[in-house]
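Make a model of the complete structure from these sequences and hints.
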Amino acid sequence: QKEVEQDPGPLSVPEGAIVSLNCTYSNSAFQYFMWYRQYSRKGPELLMYTYSSGNKEDGRFTAQVDKSSKYISLFIRDSQPSDSATYLCAMKGAAGNKLTFGGGTRVLVKP
Amino acid sequence: GAGVSQSPRYKVAKRGQDVALRCDPISGHVSLFWYQQALGQGPEFLTYFQNEAQLDKSGLPSDRFFAERPEGSVSTLKIQRTQQEDSAVYLCASSLAGEKLFFGSGTQLSVL
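These protein sequence lines map, in sequence, to chains Z and F.
Residue numbers for the first sequence, in my numbering: 359 to 469.
Residue numbers for the second sequence, in my numbering: 92 to 203.
Since the hints were made in silico from the structure, they are not lab data.
Hints should not be assumed to be uniformly reliable.
[As the list claims (entries may be wrong)] The calculated lysine-lysine pairs, modelled on BS3-like cross-linking and capped at a C-alpha distance of 27 Å, are: (1) F:169 / Z:456; (2) Z:450 / Z:428; (3) Z:400 / F:191; (4) Z:456 / Z:400; (5) Z:425 / F:191; (6) Z:400 / F:105; (7) Z:414 / Z:425; (8) F:148 / F:169; (9) Z:400 / F:169; (10) Z:456 / F:148; (11) Z:360 / Z:450; (12) F:191 / Z:360; (13) F:148 / Z:360; (14) Z:400 / Z:468; (15) Z:450 / F:148; (16) Z:360 / Z:428; (17) Z:414 / Z:450; (18) Z:456 / F:191; (19) F:191 / Z:428; (20) Z:425 / Z:456; (21) Z:450 / Z:425; (22) F:105 / F:148; (23) Z:414 / Z:428; (24) F:191 / F:169; (25) Z:414 / F:191; (26) Z:450 / F:191; (27) F:148 / Z:400.
Below, the structure is given as structure tokens:
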């Protein structure tokens, strides 16, 4: 079993809908949690960066971390066709700089 | 530079050939990482540099993989005697202090 699990999708939603993504993890040492967006043939781009538990909002994006359940979420409001991409969760512990990624969820926003 | 630059973008190698993949990080970024991304998977950590020092190489899959960053800027990932299972996208990332990573577009390696 992988340290970070993520449903591969694809997740198809109509334009304007809320996209809900999540990851579960097994390593209780993870303290920093990130969401990356990756377009085809491009490198991952950082969307959200959170430390420990709680919520963080940035524009249309909201990230939630529940360390007690080892569960993190990303919500995208008012989704646009340009949001169609693969979304990767990533996390790391307090020590070291190595990120552990989930396998990614492919999202399709249909106009 | 404006972003992390990787070259070549695509590399086709015959099994058994050696390859070298280059990464130009964002100017001034101290930390540099290499990740391997198989088709349909998330990136997997290979190695990490702080300036010219390779502080973590725990993700390198075998001794055929070697990375260097001799002057603390440009880095090269070398794969000797390539095998089909080495086919993947190799991503380079840099950061100021190892927290928020900026990725390049990667080198897609195909071993035939």
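Going down the list of hints, with the structure as the test:
no.	hint	in the structure
1	F:169 / Z:456	20 Å, holds
2	Z:450 / Z:428	13 Å, holds
3	Z:400 / F:191	17 Å, holds
4	Z:456 / Z:400	20 Å, holds
5	Z:425 / F:191	21 Å, holds
6	Z:400 / F:105	25 Å, holds
7	Z:414 / Z:425	14 Å, holds
8	F:148 / F:169	13 Å, holds
9	Z:400 / F:169	21 Å, holds
10	Z:456 / F:148	10 Å, holds
11	Z:360 / Z:450	14 Å, holds
12	F:191 / Z:360	23 Å, holds
13	F:148 / Z:360	20 Å, holds
14	Z:400 / Z:468	21 Å, holds
15	Z:450 / F:148	16 Å, holds
16	Z:360 / Z:428	13 Å, holds
17	Z:414 / Z:450	18 Å, holds
18	Z:456 / F:191	11 Å, holds
19	F:191 / Z:428	22 Å, holds
20	Z:425 / Z:456	19 Å, holds
21	Z:450 / Z:425	13 Å, holds
22	F:105 / F:148	26 Å, holds
23	Z:414 / Z:428	17 Å, holds
24	F:191 / F:169	25 Å, holds
25	Z:414 / F:191	16 Å, holds
26	Z:450 / F:191	11 Å, holds
27	F:148 / Z:400	24 Å, holds
The structure is consistent with each of the numbered hints, conforming to all of them.
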